[in-house]
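With these hints in hand, go ahead and build the complete structure from the sequences.
If you read the sequence shown in our numbering, its first letter stands for residue 293, the second for the next number, and so on.
It is possible that some hints are incorrect.
In the BS3-like style, the derived pairs of lysine-lysine whose C-alpha atoms are separated by at most 30 Å in a straight line are [to be verified]:
no.: 1; residue 1: LYS403; residue 2: LYS392
no.: 2; residue 1: LYS390; residue 2: LYS437
no.: 3; residue 1: LYS393; residue 2: LYS445
no.: 4; residue 1: LYS361; residue 2: LYS310
no.: 5; residue 1: LYS445; residue 2: LYS428
no.: 6; residue 1: LYS361; residue 2: LYS328
no.: 7; residue 1: LYS458; residue 2: LYS403
no.: 8; residue 1: LYS361; residue 2: LYS437
no.: 9; residue 1: LYS390; residue 2: LYS445
no.: 10; residue 1: LYS403; residue 2: LYS361
no.: 11; residue 1: LYS403; residue 2: LYS310
no.: 12; residue 1: LYS403; residue 2: LYS445
no.: 13; residue 1: LYS328; residue 2: LYS310
no.: 14; residue 1: LYS328; residue 2: LYS403
no.: 15; residue 1: LYS392; residue 2: LYS466
no.: 16; residue 1: LYS361; residue 2: LYS466
no.: 17; residue 1: LYS310; residue 2: LYS428
no.: 18; residue 1: LYS403; residue 2: LYS428
no.: 19; residue 1: LYS437; residue 2: LYS393
no.: 20; residue 1: LYS445; residue 2: LYS392
no.: 21; residue 1: LYS458; residue 2: LYS445
no.: 22; residue 1: LYS445; residue 2: LYS361
no.: 23; residue 1: LYS361; residue 2: LYS393
no.: 24; residue 1: LYS328; residue 2: LYS390
no.: 25; residue 1: LYS458; residue 2: LYS392
no.: 26; residue 1: LYS310; residue 2: LYS437
no.: 27; residue 1: LYS445; residue 2: LYS466
no.: 28; residue 1: LYS428; residue 2: LYS328
no.: 29; residue 1: LYS393; residue 2: LYS328
no.: 30; residue 1: LYS393; residue 2: LYS403
no.: 31; residue 1: LYS466; residue 2: LYS437
no.: 32; residue 1: LYS466; residue 2: LYS390
no.: 33; residue 1: LYS458; residue 2: LYS361
no.: 34; residue 1: LYS393; residue 2: LYS466
no.: 35; residue 1: LYS390; residue 2: LYS458
no.: 36; residue 1: LYS437; residue 2: LYS392
Honestly, the hints are just simulated from the structure, not real lab data. Treat the numbers as computed from the prediction; the structure is a model and nothing was measured.
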Amino acid sequence: MLRYKKTKSELIYMNHTKSAIIDAFWQLLEERPYTKITVRDIVELCQVNRNTFYYHFHDIPELLETTIKSDVDQIIQTNGHFGLPTDCLIPIVERCLKRKKAMLHIYRSVKRDIFQSELERIILYTVTQYVHTVTKDLNIPSEDKTILIQYYKCCLLGYTLDWLDKNMNFDLLKSVTRITDLIGDSLKQAFLELSESSRT
293 MLRYKKTKSE LIYMNHTKSA IIDAFWQLLE ERPYTKITVR DIVELCQVNR
343 NTFYYHFHDI PELLETTIKS DVDQIIQTNG HFGLPTDCLI PIVERCLKRK
393 KAMLHIYRSV KRDIFQSELE RIILYTVTQY VHTVTKDLNI PSEDKTILIQ
443 YYKCCLLGYT LDWLDKNMNF DLLKSVTRIT DLIGDSLKQA FLELSESSRT
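Given below as structure tokens:
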């Protein structure tokens with residue numbers, strides 16, 4: 293069975309309409325809670341029909357999950373290698389502050405788990421990358437690396453969730469910078485000591 297191959301202009305149009313749907317969704321999230329947004333609201337705002345929406349997304353929860361995952365993927369790809377575990381919070385915080393009302397509407401909604409899961413994913417990615425980079429020439433057992441990764445992931449995730457629970461009302465970036473100053477060298481020293489103890 294032959295399949296119709298879309299032309300370049302059709303593909304461009306499809307990408308444009310998908311972006312328009314996503315932009316409309318975020319605009320509405322700035323104005324109202326997640327549960328108050330309907331497909332009708334979205335299609336009326338971006339001036340497409342319902343069939344176009346359902347061509348790209350099964351429903352609003354899928355739209356939400358797709359956009360948040362895409363944001364996290366973009367942060368990871370754009371930043372490449374983070375220096376310290378705390379570095380990953382900088383683009384996250386900047387993104388959240390840029391869409392403060394929208395992010396808080398998601399965080400307070402029934403779909404908070406999607407947001408939290410993606411937040412955990414980027415923090416875990418960063419911490420894992422950092423631990424493996426710093427310890428690549430050190431004699432540290434893999435079990436210890438796993439424990440360290442889990443520990444730092446939980447610390448950073450908990451700190452960020454506390455910030456969200458407090459409606460982003462304190463300067464997380466300032467706190468993160470200070471944390472980096474306080475623990476940056478101590479982290480590396482801890483790895484060296486752990487490596488030494490593993491040899492004895």
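Going down the list of hints, with the structure as the test:
At roughly 16 Å between alpha-carbon atoms, LYS403 and LYS392 fall within 30 Å of each other, so this suggested pair holds. For a cut-off of 30 Å, the pair hint linking LYS390 to LYS437 is broken: about 35 Å separates their Cα positions. Between the alpha carbons of LYS393 and LYS445 the distance comes to roughly 26 Å, so the proposed pair stays at or under 30 Å and holds. Note on LYS361 and LYS310: the hinted pairing holds, with a Cα-Cα distance of about 15 Å set against a maximum of 30 Å.
Between the alpha carbons of LYS445 and LYS428 the distance comes to roughly 19 Å, so the proposed pair stays at or under 30 Å and holds. Proposed proximity of LYS361 and LYS328 is supported: the alpha carbons are some 22 Å apart, at most 30 Å. Proposed proximity of LYS458 and LYS403 is supported: the alpha carbons are some 18 Å apart, at most 30 Å. In summary, the hint linking LYS361 to LYS437 is supported, as the alpha carbons are separated by about 26 Å, within the 30 Å threshold.
A distance of roughly 24 Å separates the Cα atoms of LYS390 and LYS445; the hinted pair therefore holds under the 30 Å criterion. With a CA separation close to 13 Å, the supplied pair LYS403 and LYS361 stays within the 30 Å bound. At most 30 Å may separate the alpha-carbon atoms for a hinted pair to count; LYS403 and LYS310 meet this at roughly 21 Å. With a CA separation close to 22 Å, the supplied pair LYS403 and LYS445 stays within the 30 Å bound.
Proposed proximity of LYS328 and LYS310 is supported: the alpha carbons are some 21 Å apart, at most 30 Å. Note on LYS328 and LYS403: the hinted pairing holds, with a Cα-Cα distance of about 13 Å set against a maximum of 30 Å. Proposed proximity of LYS392 and LYS466 is supported: the alpha carbons are some 17 Å apart, at most 30 Å. At most 30 Å may separate the alpha-carbon atoms for a hinted pair to count; LYS361 and LYS466 meet this at roughly 26 Å.
Distance check on the hinted pair: LYS310 and LYS428 sit about 42 Å apart at the alpha-carbon level, beyond 30 Å; violated. A C-alpha spacing of about 38 Å is found between LYS403 and LYS428, which places the hinted pair above 30 Å, so the restraint is violated. Of the pairs offered as hints, the one joining LYS437 and LYS393 is violated, with about 37 Å between alpha carbons and a cut-off of 30 Å exceeded. Restraint check: the Cα-Cα separation between LYS445 and LYS392 comes to about 23 Å, which is no more than 30 Å; the hinted pair holds.
Using a Cα cut-off of 30 Å, the hinted pair LYS458 and LYS445 holds, with the two alpha carbons roughly 20 Å apart. Between LYS445 and LYS361 the CA atoms are separated by roughly 18 Å; this keeps the pair inside 30 Å, and the hint holds. Note on LYS361 and LYS393: the hinted pairing holds, with a Cα-Cα distance of about 19 Å set against a maximum of 30 Å. Only pairs whose Cα atoms come within 30 Å are accepted, and LYS328 paired with LYS390 is accepted, the gap being roughly 21 Å.
Proposed proximity of LYS458 and LYS392 is supported: the alpha carbons are some 12 Å apart, at most 30 Å. Restraint check: the Cα-Cα separation between LYS310 and LYS437 comes to about 41 Å, which exceeds 30 Å; the hinted pair is violated. Restraint check for LYS445 and LYS466: the C-alpha separation of about 19 Å stays at or below 30 Å, so the hint holds. Pair hint LYS428 plus LYS328 does not hold up; C-alpha atoms about 49 Å apart against a cutoff of 30 Å.
Taken as a hint, the LYS393 and LYS328 pair is honoured in the structure, with Cα atoms around 14 Å apart against an allowance of 30 Å. Between LYS393 and LYS403 the CA atoms are separated by roughly 15 Å; this keeps the pair inside 30 Å, and the hint holds. Pair hint LYS466 plus LYS437 holds up; C-alpha atoms about 28 Å apart against a cutoff of 30 Å. With a C-alpha separation of about 16 Å, the suggested pairing of LYS466 with LYS390 holds against the 30 Å cut-off.
Distance restraint check for LYS458 and LYS361: the Cα-Cα separation of roughly 24 Å lies within the 30 Å cut-off, and the hinted pair is therefore satisfied. Annotation: proposed proximity of LYS393 to LYS466 holds, straight-line Cα distance about 21 Å (limit 30 Å). Note on LYS390 and LYS458: the hinted pairing holds, with a Cα-Cα distance of about 17 Å set against a maximum of 30 Å. For the hint pairing LYS437 with LYS392, the CA-to-CA distance comes to about 35 Å; that exceeds 30 Å, so the pair is violated.
In this structure, the earlier hints numbered 2, 17, 18, 19, 26, 28, 36 are contradicted, and the remaining ones agree with it.
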